[in-house]
Amino acid sequence: MKVLFAIAWAALIVCFGLTEARGEPSLSAATEECLGCHATIHPGIVESWKKSRHGSVTPGQALQVTGFAKKVSSQAVPENLSNHVVGCAECHTLNPKSHPDTFDHNGYDIHVVVSPRDCTACHAQEAEQYDRNLMAHAYGNLVNNDVYQLLVRAVNETPVFEKGKMGTKPSTPLTEAESCLYCHGTKLSVTGTVTRDTEMGEMTFPVISGWPNQGVGRINLDGSRGSCAACHTRHQFSIEMARKPYTCKECHVGPDVPANKVYEASKHGNIFSSLHKDWNFANVPWTVGKDFTAPTCAACHMSLLVNTEGTLVVKRSHEVKDRLPWRIFGLIYAHAHPREPDTTIIRNKEGLALPTDFSGGSADPFLLDEKERAAARKQMQASCLACHHQSWVDGHWERFVNTIAESNRSILAGTGIMEELWKRGLAAGIRTGGNPFDEYIERVWSDSWLFYANSVRFASAMGGGGDYGVFADGRYQLTRSIRHLQDRLDQSRTAKK
Amino acid sequence: MKVLFAIAWAALIVCFGLTEARGEPSLSAATEECLGCHATIHPGIVESWKKSRHGSVTPGQALQVTGFAKKVSSQAVPENLSNHVVGCAECHTLNPKSHPDTFDHNGYDIHVVVSPRDCTACHAQEAEQYDRNLMAHAYGNLVNNDVYQLLVRAVNETPVFEKGKMGTKPSTPLTEAESCLYCHGTKLSVTGTVTRDTEMGEMTFPVISGWPNQGVGRINLDGSRGSCAACHTRHQFSIEMARKPYTCKECHVGPDVPANKVYEASKHGNIFSSLHKDWNFANVPWTVGKDFTAPTCAACHMSLLVNTEGTLVVKRSHEVKDRLPWRIFGLIYAHAHPREPDTTIIRNKEGLALPTDFSGGSADPFLLDEKERAAARKQMQASCLACHHQSWVDGHWERFVNTIAESNRSILAGTGIMEELWKRGLAAGIRTGGNPFDEYIERVWSDSWLFYANSVRFASAMGGGGDYGVFADGRYQLTRSIRHLQDRLDQSRTAKK
Amino acid sequence: MKVLFAIAWAALIVCFGLTEARGEPSLSAATEECLGCHATIHPGIVESWKKSRHGSVTPGQALQVTGFAKKVSSQAVPENLSNHVVGCAECHTLNPKSHPDTFDHNGYDIHVVVSPRDCTACHAQEAEQYDRNLMAHAYGNLVNNDVYQLLVRAVNETPVFEKGKMGTKPSTPLTEAESCLYCHGTKLSVTGTVTRDTEMGEMTFPVISGWPNQGVGRINLDGSRGSCAACHTRHQFSIEMARKPYTCKECHVGPDVPANKVYEASKHGNIFSSLHKDWNFANVPWTVGKDFTAPTCAACHMSLLVNTEGTLVVKRSHEVKDRLPWRIFGLIYAHAHPREPDTTIIRNKEGLALPTDFSGGSADPFLLDEKERAAARKQMQASCLACHHQSWVDGHWERFVNTIAESNRSILAGTGIMEELWKRGLAAGIRTGGNPFDEYIERVWSDSWLFYANSVRFASAMGGGGDYGVFADGRYQLTRSIRHLQDRLDQSRTAKK
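Residue numbers (this note's numbering), protein chains in the order written: chain A, 292 to 788; chain B, 292 to 788; chain C, 292 to 788.
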């Protein structure tokens, strides 16, 4: 009977989930004070935070974990942060002097915008890697590149038609912030203060230009780059969410970078969609096969993976270049991945800040060489090989490399026709001082490399997404747009006769 | 030992879910008779209904609930409905005289099409609000508007090419029913009866023209407007389903109203997709933070929300105008929301039943004024403020209002060119008796406001969906289509020379 | 007290899921040896397999199941396979002589590519049905059809622009494999062997051209057709996955066959997306209402369905024609479904291997006649009728048949204009030896039937997806492309004057 009791007792414990007796989280006095008002005023974010690890584990506890399960990469954590869970005050009062948006709020020095530099307190390695990531430089790489700015202007400026003539009105910072910079990140600056009547009486807050924004390359008020919240969404900071493809979809839905569309239609995406309800997205380290049976974006590009024996499959990296030999996003051709995250330093043979030139050449000194690409390929294939035999992976990769070359050749044809149209004065290109991206026929050309060649390459890279290589912004549309350019050239020749 | 027993006992109860002893639902005799056959013949809908609240709670019980948890808004419920669960007979035999499709079915007066007026028995407030909702008027607003009918005809009529000439064949009611009226709703009418050999012997049923349909503005046989099943899908009538974005997607997948596409790619949509498996979609009232940590369509536009202390955040409304200052769907420009749900009464300065005129002006007397818009904005922002600070919301709103103005200016440019094309006879516009929506170049123009400007505005309004403001039917495509119009104008000028 | 104990005991059993005492799976010695290495090297697929029925049930056990729950359709199973679970060796060493890729691997005759003929050992009926399925013939039907090959070449060949002239470079087998043949299936062949240094020492493997691939019509090394893994994804072979719409999406995401897009925006798709977390996708047979309350692709097209009393609603078929009277994918018009799965035998009145001719006629002798279509319609409607009354289904079907006719008429108009353009030499059509699918204006024409008419028909067929019948690749785009053709014709007439 004692045995029965013991079993019954065990059952009760399992049923009630008492095995892990966490107890109450240890809140700092400051955080407790924050919650006093904000739990009522902002229940959404407070409840999100309560569901987070930040809300239930102290950095001191997190530091004691060893091996691949360790989530805190800093060697040590400031003592005053060590023994309380990571609450409101822990992040929003950190490094007050370096944040121009610090303001007095009920006796506390609060800053609105928490930056990756703040996160460094516990997550030093991730912050450091991410700062070298191309994405961290997404603001400057767009705003400080003259060629890209021509495209930005062609897209964001407001067309004006007056007295029978076409013109444009410059776009406003408000437009930029929700257009390109929504993903690339805005540059934040404090422009003043505002005083408001609130439920708690009159209060003064900083006014921040460029806010709100969680773009991957946001320029923060403390001068740091990026927003961790781009992927680790506030205030739950859920690793589960960062590992799911919906997070990457926010900026990679396409058609320019159609990663999510392709993934969803791929075999991997099908397995994810059909079966992920039974997977574990929170385990660290992440075990191939046990925790998940098909990769998400994170599994191939960032996450630390182990096999069922706990052996490392591939190490974590917040610098995506580590696993990317190629950049298949055409500018205007696909090319070896840039060496440095700051791509404004690149010059092609025409002197433009582009990784390739219009005639198909690439700005080699600025791009990964063959040996560097081989190293990145090896890192990427490590995750493939956890499920697939080398023959499978080789077969896949051979097609991928072929597709990069073939799609580049198609764009060479289209660009050749476009050059001819520019030469004949049928559009005003960059060499005659025109914007090469603003006229109708120029858009037919930019469609071909910005949407269709990219789509074809993403479908190839991800080993699936069949339609995206063919009829869904794929080869059908790629050849269609090139034939459209040809049609325009033919018509002008006919007209001449 | 007694304690152990007590705990064990508690565990059993939890394990077996016996805490809530519902017992057998109390079926009316009539419903029991329905189920006798239909449980076998139509297992799909009968099982759906069994999973519904209708199938397990009586109106009498529902009436006893007080406060925000109350689901039945009628002051009282007819006595004969009060003590049985809401089964087949309760709805399909209600108000038999007012339903022209009422027919004798095994001795019962059954009607096929249950209408919002039937639902009024228990849900009076929702039915009343919905009848004032723009959506309830979706049939008449489309069918009785001469300008919209020009677009409908241009889209639905069958092209004919005979003897080298282009013409059209009028569309049939069958086409209309599955094209525009699938969402807008059909007008139902009884056209006769049909006798069939069934498993249960020979039976006679009404024949209903326009059936099946669950469009939001369906004209029912009893003269009422709308179909509750458009969102509260039969026969589970699940509030969970109405609160999930998939329901709104049925009609708002775009590209004309790309709400779902934008949502799915937004931060809110990402949180929903990644985390909603742990949320509660059935609780009434719906608690921000506890039940969900990011809004769905319903949360912002319709649902009653409370904070974690049970205090009202925003009240329920089935009239979407209550939270909508602007109508960002361009007709042909975005404009203040119409005052009345019947928009056929609107006249612009050209006398057309359009809320704006071709030169950008708006039909002000028919649209919300500034004060009314401020009230609607306040209702909408109430849900924003449950998670976001006022500074955040202000920053977002400033961009949104700017985008409405900028996108309207872009459409003004495109329409200016189109007017020029009409003037030059390069297309036949409305002023020369033509259909302004049927020719190829006119479609380039309608693309610009019907798809692209809308997409830009939805991405702005929903504070996310980056690509939908840029490359995915966004500003890139908006400027592309306007440049296409310009290209056509330029070509005609060149040809003239 | 004994009673309490008994209840507690029962609770424990339920809590721990001990009711079904499976015990350890009985592995064959060979499979055990495979797992010795591959569990570590390929944890992804080994863990997938462990979650499969193959990994826990022996064919002998499966054979004992009777009635609709039976999953193994072969009358008997080879004795050596009967008493072990279906592990690595059971499939990858089956019929070694018929597989040219069989190679010696640690003393075993292993083949890489398991074929439907291997699966026949247990699943004879499914393999036999599938071999008669149109999909099993997808490779030959594409590759051996001269007309389709013109489209394939127009899409896959690389455009070349040299010395002011447009040309093309033939596509490579690598491109074909990831373009059309990704879904249609590649033709596999062993081209040699490769020796590699592996973690386990030097090993030799076959090199297989066309690999990897899981297209529905793959030509296997043993000469059989198809890949069961196209839908029953290795190595979990989950019926749950095959029944979910994500599987079909891999090849039917559109815009050519926009089934998934339409489904997701339909009422059925909404119910699936909103509620399927509570459904059972693994039960065999699959009970309408109890296991699911809205159909997925499988429910309408393939699965065996029963009602809640266990009575057959519709029998299982791996030959989709059994429930498909029409083929609504336009080639170039929608038409009665082909009789034979090998469609290369079809000849239209112009002698082309097309089910319809350019002037709208259909190659009747090769297509289902009215009586055969009626039989297929009855099978299809059987699943509709499990939830909907006959009046509902009739109303739906009437619209569907009307839409097939109307959309065909629209395509007749567009094709009429295209014929005129060919006649006038404004493009080079098939009768003058040209490729009718490669020029820009020809693509405007192929858009109309390949994307837009198809979208309209799928939205109709699936009784939903409103926007897909109108603004999302629907009637708006269909009429737009036909007006575009007309515009080109008008312009050429104007130019002539």
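Treat the hints as calculated values from the structure; they're not laboratory data.
Be aware that one or more of the hints could be misleading.
Note: identical chains are not told apart, hence a pair may lie in one copy or across any two.
[Claimed, not checked] Okay, derived cross-link-like pairs now, DSSO-like style, lysine-lysine, Cα gap no bigger than 30 Å in a straight line:
| # | residue 1 | residue 2 |
| --- | --- | --- |
| 1 | K456 | K640 |
| 2 | K460 | K388 |
| 3 | K361 | K341 |
| 4 | K341 | K669 |
| 5 | K640 | K714 |
| 6 | K341 | K662 |
| 7 | K640 | K388 |
| 8 | K788 | K342 |
| 9 | K342 | K787 |
| 10 | K612 | K640 |
| 11 | K341 | K788 |
| 12 | K341 | K581 |
| 13 | K606 | K669 |
| 14 | K361 | K456 |
| 15 | K640 | K454 |
Quick caveat, the model's predicted, so the values are computed rather than measured.
If you test the structure against every hint from before, which numbers come out violated? 2, 6, 7, 8, 9, 11 and 14
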